[in-house]
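*Asks:* Each chain, letter by letter, is given below.
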Amino acid sequence: MEHLIQTIGRNMFAIFGVMALAGAVLMIASRSAVHSVLGFLFAMLSIAGCFLSLEAEFLGMAQILVYAGGIVVLFLFVVMLVEMSKKREGEVFQLQSRYAVLTVAVGAAAFLAVFRKTIFGAASPEALVLRPDLAKGLDVAHQNAQAVSRGLFADYLLPFEILSVILLVALVGAVVLAKTERV
Amino acid sequence: MPTPTLTQSIVITLIQCLLVVIFVFVVVPLTVFAERKVLGHLQMRLGSTRIASGHTGLSGFLNRGMWKMGKVPVLSYWRGIPGLLADVVKLIIKEDIIPDKADRFVFFLAPSISMVAAVVVFAAISFVPGTFFTFPTWFPLVGGLPVSGGIADINVGLLWILGVATVGVYGIVLAGWSSNSKYPLLGGLRSAAQMVSYEVPLALSLLAPVVLAASLNFTEMATRMAVGMPIWALVPQVIGFLLYLTCGFAETNRLPFDMPEAENELVAGFHTEYSGMKFGLFYLAEYINMTVVSALASAFFLGGPWLLPFGLQGLLNPYLPGFLSWFGEPHAIFFVAKIIFLLFTYIWVRGTIPRYRYDQIMAVGWKYLIPLALVNLLLAAAIRCFAV
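Heads up: the sequence lines are chains A and B, in that order. Counted from 1, the first sequence has number 73 at position 73 by my numbering; the numbering is strictly sequential. Counted from 1, the second sequence has number 1 at position 1 by my numbering; the numbering is strictly sequential.
Hints are supplied without guarantee of correctness; some may be wrong.
Unchecked claim - Derived lysine-lysine pairs resembling DSBU-like cross-links, with alpha carbons at most 35 Å apart:
no.: 1; chain 1: B; residue 1: 182; chain 2: B; residue 2: 94
no.: 2; chain 1: B; residue 1: 367; chain 2: A; residue 2: 179
no.: 3; chain 1: B; residue 1: 182; chain 2: A; residue 2: 179
Claimed, not checked - Derived coverage of chain A by chain B (criterion: at least 3 residues anywhere in the stretch with Cβ under 8 Å from a Cβ of chain B; other residues may be distant):
no.: 4; segment: 100 to 109
no.: 5; segment: 157 to 170
Unchecked claim - Residues from chain A shown here face chain B by an in silico Cβ test under 8 Å; the list is partial:
no.: 6; residue: 80
no.: 7; residue: 97
no.: 8; residue: 144
no.: 9; residue: 145
no.: 10; residue: 149
Because the hints were derived from the structure by calculation, they are not lab data. Glycine included, C-beta positions come from ideal geometry on N, C-alpha and C.
Required output: the full structure, derived from the provided sequences and hints.
*Replies:* Shown next, in the form of structure tokens:
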């Protein structure tokens, strides 16, 4: 019993990973758009589980809060309005699918090329720390949020701010597009 | 103290889960009963008095005495409680109707999501400071092991509570969509918009205690809020409390903001097509959410969960007689008392304030509550920076 539970506990990441993949497959393969959104939600919650099994509680909770709580709700909102007519797609795979496969293949190759060393190479002798002096006096396993915030607001402040400006540009652009149509 | 093995800690956690479920199933029916009674008395009527016999027993005797004195009998508060049992039995054995054109899977999924999201929030709330009780040594498997007052005291407990509570929106939205009917869909859409917009000021108002306590852990925050706060922290806390309570009403779809099920516009909103225990799950989830909001408010705004509010404990302690000495220490009873008071406030507000119009709700949320919450956060940050 004890052995079984320990084995399950050690493989939590794999279990959640398989669940996330299952959710992603459900998202692609289901014929109703709302079911697709549900599959997406399941995948997002499973990814939060992956983060939790890696002891990154803050990232896991942020995943739930941002994706499950915000973004997927808005998806659902739009999809519900679109699907008022209840017209279901006749085919699962459509015209765009061959282009999609091509894009995914290129993306996967690029990903593999970049992360080849990380995935197949030998493990790094010491854990990756951004700037050791910033992590001083911090118990990362128990002060997740503090560790992330030091990374964001001290080490990578400029990229972080640039990202937020880009998001703001997208926001303003959306407002402008929505407004001009009405005038 | 022995360290528990993995099996033992899982068994202990399951026992804690069972205790939480028992707590929920005690609190919710009593809240429903109190709601009927309190609303009745707010509107100068008696509330539910049926089913219990009125003429026998002690209270029957006292009531007859009060009638003779020309007074309305108020001693019969417990009457009507059997009606609750009848309600539960009715919900369970009622025919479970599924509309013909409904999406059966989602129709089944929606109430479960609502219920699960409401209950799972309790994982991060500690009801009792420290150890709740220790198993006696003769107990099989887990003898001699302590059971702590909260299930999982994780270091981002507050984010867990907020995150899981947001998942509850899906229950309402999916219920509205899967019923394949106009009124539920409108109710679901309204509630999606309302809950997503009120989550923002809710989270912002909770950030003020986070800033003041410099932690996201439930126990740590609760302890910091209870002791060692500067007097200036009272200002952002009072504003934050009012903001939080308002947003909490909106998040739980209670009366001044019960847009999703505004009965004179939308029949019964998102659960129009639901019957039997599926409706019962929505009903339970609403009351559990109320309890959660009350628990958080009492923990972060009313001077920590396990003590008297506003430092009254310090004033009171020197005068306590010996047999009341437990009153001077952190105790779960204060937590429960605060939760009960806030649940009463819920009912009180329901009996007092009429429903807002939909555009008014959105205007209040976006134009007043969010800027106010931001100003409050700024205030809290200033106090944290200069006064702590």
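*Asks:* Indicate, hint by hint, whether the structure satisfies it.
*Replies:* Hints versus structure:
Distance restraint check for residue 182/B and residue 94/B: the Cα-Cα separation of roughly 24 Å lies within the 35 Å cut-off, and the hinted pair is therefore satisfied. At most 35 Å may separate the alpha-carbon atoms for a hinted pair to count; residue 367/B and residue 179/A meet this at roughly 19 Å. Restraint check: the Cα-Cα separation between residue 182/B and residue 179/A comes to about 29 Å, which is no more than 35 Å; the hinted pair holds. Counting residues of the segment 100 to 109 of chain A whose C-beta sits closer than 8 Å to any C-beta of chain B gives 0, which falls short of three, so the coverage hint is violated.
With a cut-off of 8 Å between beta carbons, the segment 157 to 170 of chain A has 0 residues touching chain B; three or more are needed, and the interface restraint is violated. Taking 8 Å as the C-beta cut-off, the interface hint given for residue 80/A holds, the closest approach to chain B being about 5 Å. Hint status for residue 97/A relative to chain B: violated, with the closest Cβ pair at about 25 Å, above 8 Å. Checking residue 144/A against chain B by beta carbon gives a least distance of about 6 Å; that is within 8 Å, so the hint holds.
A least Cβ separation of about 6 Å between residue 145/A and chain B falls short of the 8 Å threshold, and the interface hint therefore holds. A cut of 8 Å between beta carbons decides the hint on residue 149/A: the least distance to chain B is about 11 Å, and the hint is violated.
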